[in-house]
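Trainee: Using the sequences plus the hints, can you model the full thing?
Number of protein chains: 2
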Amino acid sequence: MRAESFIVDTDVHNAIGKLKDLLPYLPKVWHQQWLESGIGVHGQYYSPVGVLRQDAVPDGGGVPGSDPRFVLKHYMEPNGIDYAILTGGGEQGISLHADPDYANAVASAFNDWLADNWLGVSPKFKGSIQINHSDPAAAAKEIDRMGQHPAMVQVVMGSGARMPYGNRFYHPIYEAAERNGLPVAIHPGTEGKGIAGAPTPSGYPTRYMEWHNILPANFMTHINSLVCEGVFEKYPKLKLVSIEGGIAWLPHLMWRMDKNYKALRDSTPWLKRLPSEYIVDHVRVTTQPIEEPAKPEHLLQIFQMMHADKIAMFSSDYPHWDFDNPKVVLNGLPRELKRRILGLNAAELYGFPMLDEQKEAELA
Amino acid sequence: MRAESFIVDTDVHNAIGKLKDLLPYLPKVWHQQWLESGIGVHGQYYSPVGVLRQDAVPDGGGVPGSDPRFVLKHYMEPNGIDYAILTGGGEQGISLHADPDYANAVASAFNDWLADNWLGVSPKFKGSIQINHSDPAAAAKEIDRMGQHPAMVQVVMGSGARMPYGNRFYHPIYEAAERNGLPVAIHPGTEGKGIAGAPTPSGYPTRYMEWHNILPANFMTHINSLVCEGVFEKYPKLKLVSIEGGIAWLPHLMWRMDKNYKALRDSTPWLKRLPSEYIVDHVRVTTQPIEEPAKPEHLLQIFQMMHADKIAMFSSDYPHWDFDNPKVVLNGLPRELKRRILGLNAAELYGFPMLDEQKEAELA
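Protein chains in written order, with our numbering: chain A, 1 to 364; chain B, 1 to 364.
None of these hints come from the bench; they were simulated from the model. No experiment lies behind these values; they were computed from the predicted model shown. Fair warning: there could be bad hints in the mix.
No copy labels: a pair is met if it fits in one copy or bridges any two.
Cut-off 30 Å, straight-line C-alpha distance, at most; resulting in silico cross-link-like pairs (DSS-like, lysine-lysine) [unchecked claim]:
| hint | residue 1 | residue 2 |
| --- | --- | --- |
| 1 | Lys73 | Lys327 |
| 2 | Lys259 | Lys310 |
| 3 | Lys338 | Lys295 |
| 4 | Lys73 | Lys272 |
| 5 | Lys124 | Lys28 |
| 6 | Lys126 | Lys28 |
| 7 | Lys141 | Lys124 |
| 8 | Lys295 | Lys310 |
| 9 | Lys262 | Lys126 |
| 10 | Lys338 | Lys262 |
| 11 | Lys20 | Lys234 |
| 12 | Lys259 | Lys295 |
| 13 | Lys338 | Lys124 |
| 14 | Lys73 | Lys259 |
Mentor: Put into structure tokens, the structure is as follows:
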């Protein structure tokens, strides 16, 4: 009789009310990570030093980088920055959302928000058009819509993706970018997130440092793919900007591609030149986080190998933790090379007016 | 009434009896690939020039590299090779089979076959122990079993894997290798095959050249992981040999790891030195396919950046298509550096007796 009313529910969910309730049970070394990221398998790679400069909080409080006037005052004016290409604060991750309609809507919202809140504050601010790269047809429409804005100077995509960026799946994006005269930039940080592949060809690193060290592998992947798939033959005016993906690996990639091309070019009949020639003509590489060899002349040698006088462009990554200071980061380079990297290469790429005469005179 | 006996079978398999039956329907440019690889999603990346030197077929016919006496006569004797580390012909792929029991048995069979058919032919041949890296406990037993053979000088694993090689999953392999005094080598070619991850962080390249260009990304992944996970602190006598994975990217990886370590070392408390110091002490890198910059001095600069005098070792990749000729590949290097790379670094690593006095005298 009693068996008829005997019930076992084999799945009832209890909850940890507040994250801090777990602290008495967790070794102290993990407390900060638990409080800031919890189970954390979405963000996954947790930086022990955070990802934002703690001295970059705006005067009125809030997130570093969230107040355009403070960015002008705190970073750009003291450092004499003439133009700043705004790349956002991780918005590229929206492309890795499983729902393309949500992602398309949020990408458009980012762009309208940027135009409303930043691009009118100062002519020094130049914008990057956020897209959902996982829906190339919709991304092309967004590029056409925002490409008309005079202060939008490029398209930006996260480097985390399901396919290498030369794949024909993505070509509508490049067609739209070329049509609008806009370079396409790629930016790291989304590797291994959402619907992207694992951050390495052999799956998942364990911690933030290991993950951060290997981010350049994905930039090599995309540049190799864009060249091999003939994207720069198909869209001859297209430029690709590799942001924050490292620089010193570029000579190796160019040499390896050129060597293999000589034996294997049957499989890429659309290529008419050495792969490295496409890279020098079509790829631009930003400097931060700049490599710091023990012997500074090694960096100069790398710059010469990669034709940095044509393709390297300064970036600071402000206000992120691994910010490169424009006043010291290129010290020791020959003067003309330094000037090309600090501003002239970017001015040519984006079509910015040169320095005014007074500033020229001061620098001379 | 008729409806009762009316039958539609919605899945009946017809077959293309011979591969060549499809040729009349296929553009000619694809004929060779179709005949040699068919649908080919297992091998997937099809080299238009094949992967074997056509002049390396043994006198009696058969697969290049399948006759030890012909290898001695065709390659080693004319080139004055004192020792050859045999790495096999793709056997490492067995680790990516879904069935670990089959893979363990086949790996053991490879080793016994090598001992029976090659290692007794000449004292110049030295063997690599094949393992199933996806079953580390079984791999450790195989290392203990074959590590007793005096001509087995290292363990070899394919670079294609489900997890980066520093992951604690693999540590029993390193414990066994250290116990037996054997370096662990990794060799490319299995990227994207079997149960391995995709060949890039952004999925699958389209063709062989694109795939081959980006193979080094996986070597960076494994070396970064082995250092960051503290494998060389846990197994201080362990050496890692990076075979055929490229060399010129190594300075970049060392510099990036060192820079990040300074900010992020809280997350790798087991590391007591700069990451690059572990690489110089524990990693050895083989030269083929050597990078060929337009300016030869660039390769010398790279060698100096990466401490090639300590860590680079010559390899030819005989009898593969992209073979490097020992008589020309290191020409132009300073004499002492060339000698270290051609033989002395390997002799120190593997404990080989040095050159005999007569050959020394001839070289002097």
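Trainee: For every hint, state whether the structure bears it out.
Mentor: Hint by hint, here is what the structure shows:
no.: 1; hint: Lys73 with Lys327; in the structure: within (16 Å within a copy, 62 Å between copies)
no.: 2; hint: Lys259 with Lys310; in the structure: both (22 Å within a copy, 26 Å between copies)
no.: 3; hint: Lys338 with Lys295; in the structure: both (18 Å within a copy, 23 Å between copies)
no.: 4; hint: Lys73 with Lys272; in the structure: neither (48 Å within a copy, 40 Å between copies)
no.: 5; hint: Lys124 with Lys28; in the structure: neither (45 Å within a copy, 56 Å between copies)
no.: 6; hint: Lys126 with Lys28; in the structure: neither (44 Å within a copy, 50 Å between copies)
no.: 7; hint: Lys141 with Lys124; in the structure: within (27 Å within a copy, 65 Å between copies)
no.: 8; hint: Lys295 with Lys310; in the structure: both (23 Å within a copy, 18 Å between copies)
no.: 9; hint: Lys262 with Lys126; in the structure: neither (41 Å within a copy, 33 Å between copies)
no.: 10; hint: Lys338 with Lys262; in the structure: between (34 Å within a copy, 26 Å between copies)
no.: 11; hint: Lys20 with Lys234; in the structure: neither (55 Å within a copy, 34 Å between copies)
no.: 12; hint: Lys259 with Lys295; in the structure: both (29 Å within a copy, 14 Å between copies)
no.: 13; hint: Lys338 with Lys124; in the structure: within (21 Å within a copy, 53 Å between copies)
no.: 14; hint: Lys73 with Lys259; in the structure: between (49 Å within a copy, 29 Å between copies)
In terms of the numbered hints stated before, the structure departs from hints 4, 5, 6, 9, 11, listed from lowest to highest.
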